[in-house]
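Undergrad: Construct the complete structure from the given sequences, taking the supplied hints into account.
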Amino acid sequence: MLLFKTALQSLIGNGLKTWLTVFVLSLAIVMIIIMQGILHGWSRQAIDDAQRWELADGQYWCGGYDPWDPFSLDSATASIPEPLARQVEQGLLEPVLITQATVYPEGRMQGVMLRGIRPGQQLLEIPTAVLRGDSMGPVPVVVGAFMARQLKVKLNDEMILRWRDKNGAFEAVDIRIAGVFKTAVPSIDNGVLWIGLENLQAMTMRQGEANILVKSEAAEVIEVEGWTFKTVDKLMEATLLLVKTKSAGTSVFYVIFLLLAMLAIFDTQTLAIFRRQREIGTMVALGMTRGQVVKHFTIEGSLYALLAIVVGAVWGTPLIWYLSAVGISFPMEAAEFGVPMADVMYAAVTPGLVLGTVLFVFVVTAIVSYLPARKIATMNPTEAIRGKIL
Amino acid sequence: MKSIVEVQQLIKKFPVGNGFFTALNEVNLSFAEGEFAGLVGPSGSGKTTLLNIIGSLDVPSEGEVLVMGHPVGKLTAAQAALLRKQQLGFIFQSYNLLPVYTVYENVEFPLLLLDLPASERKQRVLETLEWVGLTDKVKSRPAALSGGECQRVAIARAMVKRPALVLADEPTANLDSENSHRILQTMLKLNEELKTSFVFATHDEKVISYLRRIIRLQDGKVVADELVNL
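Quick mapping for you: the protein sequence lines, in order, are chains S and G. Under the working numbering, the first residue of the first sequence carries the number 1, and numbering increases by one thereafter. Under the working numbering, the first residue of the second sequence carries the number 1001, and numbering increases by one thereafter.
Just so you know, these hints were derived from the structure itself, not from any lab. Each residue gets a CB set at the ideal place from its N, CA and C atoms; glycine is no exception. Take these hints with a grain of salt, some might be off.
[Stated by the list, open to error] In silico contact screen, one side only, chain G against chain S (beta carbon under 8 angstroms); selected entries:
hint, residue
1, 1075
2, 1078
3, 1090
4, 1096
5, 1098
6, 1100
7, 1101
8, 1112
9, 1113
10, 1117
TA: So, in structure tokens, the structure goes:
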């Protein structure tokens, strides 16, 4: 209590210098929490969006289906086996058939991935209802907003679609943009055209076949030969790894922030040893032990962290609340990055994150304060009193 | 009168280059309770060194120094700190006030180390500041005080815990004549009223004129030890 009181008195007595250091440290604390919060929020939003738009509760993959290898598509297509077909009928699984194709918007040629999905599906948020169309006009397709921009097409535009059927024969048909949807999941937008499943099955002569089956939460996972079930965690592995990598990259920024703050404290404390050696000698002469003086300076340095936590809470709480509730806009296209990224990102700040950050900063500050304070133990008090050492 | 400091065959050497410099050479002294004595001599005569050893801030190279019965050379750092905390007061040439503390906090500091209750601390601090005439400066910081006021704060800080012995190293060196006399009169008054022993290290004639006992040092040796009849 004595050392706390004397250290606090010193801190207050340092005036403006104290508050500048405290502000830099509070900046580090709040920035770490915000950056980590946004990355947590991104990670959470990426999983949530991917589940709502593409993955639901997992996927069955047919044979050697590999989303990164378009040449595997033909060989990774099969009829939906009986136990899974029953779940498809019940709407518990949603089949998706995928094939390569080419579109010719205004005469330009562009490769696309054609994905067939049932128009009446309710599992994913893709607006597939418009895929019903009529049997007379061009075949309706829906595209993501990014893809629409890539193709330079808008709603109701028509163009030619060319593909190869199961036997390798080229076919072509007119298609119409029946819907444009906005999504934060680039893998269902960038380079993808959504078409009615039955249409695609007929076009490719693959009636009753699919590459993947999207599982709803209510469906049970069944072991079926030739089909492999992939959990959401497994399917999100690459995305989460990317977020984690981003997190590591971003941590460079808050390490810089933290280093700045630590440098300020280390500098203050180290300078204190030089500048305040007479003060230290006096404290020893008045009856403080060297251990007490070391503790005094360590506590004094650690108090910067405590004050910074209070100051950071004062100005940081409203900011963090704002970023959690209103979010922060990023003027960039998610699909360009290849990972699920919403226009607005929200900070997901948990008590664990706040406590962890605060504890981390406090411990680092205490260590940084202790190191120069330890130097005091080597001081000769008679020299220190006269300010003649070091 | 009861002896509070016994210096026996004290030798203090400091390493200099490849050899040693002998700062104190076979010094024998004794200070009784309530003394107002001074170590007088030119610079380098060993005054401050002797004061530091008596103050348990330094240790003898040879010989023995007993302060209130405690052998300074054999005390651990913690025991020496305890001795300083409970029995000794220091007054320095350049005041050595803690710059970030107010006058009140500076004077309160030794009492905080003694872990006295807040009410007692407050009473003692205000009482001591009244002795030195600084009750109107309790909230000032040292930077806002004159040299004389700073030294009075230093005296208050040394006296607030009612030590048995106050060691004052050139207490008037940075003060003008008027302030020097005021400070010395304050110390003399405290010596007479509280029976606190004062040992000065000085070569200032103004201080010497107040001393009741003058111990002259030269080249680390006591060359004269005389009582002054006033």
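Undergrad: Confirm or reject each hint.
TA: The hints, checked one at a time:
1. The beta carbon of residue 1075(G) comes no nearer than 12 angstroms to any beta carbon in chain S, farther than 8 angstroms, and the hint placing it at the interface is violated.
2. The beta carbon of residue 1078(G) is positioned within 8 angstroms of a beta carbon in chain S (closest approach about 5 angstroms), and the interface hint is therefore held.
3. Hint on residue 1090(G) holds. Least Cβ distance to chain S is approximately 5 angstroms, under the 8 angstroms limit.
4. Here the hint on residue 1096(G) is kept, as its CB sits about 4 angstroms from the closest CB of chain S, short of 8 angstroms.
5. Interface hint at residue 1098(G): satisfied, since its Cβ lies 6 angstroms from the closest Cβ of chain S, which is below the 8 angstroms cut-off.
6. Interface hint at residue 1100(G): satisfied, since its Cβ lies 3 angstroms from the closest Cβ of chain S, which is below the 8 angstroms cut-off.
7. Using the Cβ-Cβ criterion of 8 angstroms, the hint placing residue 1101(G) at the interface with chain S is satisfied: the shortest such distance is roughly 6 angstroms.
8. At a threshold of 8 angstroms, the smallest CB-CB gap from residue 1112(G) to chain S is about 5 angstroms, leaving the interface hint in force.
9. The interface hint given for residue 1113(G) is met, as the beta carbon of that residue sits about 5 angstroms from the closest beta carbon of chain S, less than 8 angstroms.
10. Of the supplied interface hints, the one on residue 1117(G) is violated, with its beta-carbon coming no nearer than about 12 angstroms to a beta-carbon of chain S, more than 8 angstroms.
The structure is inconsistent with the numbered hints 1 and 10, although it conforms to all the rest.
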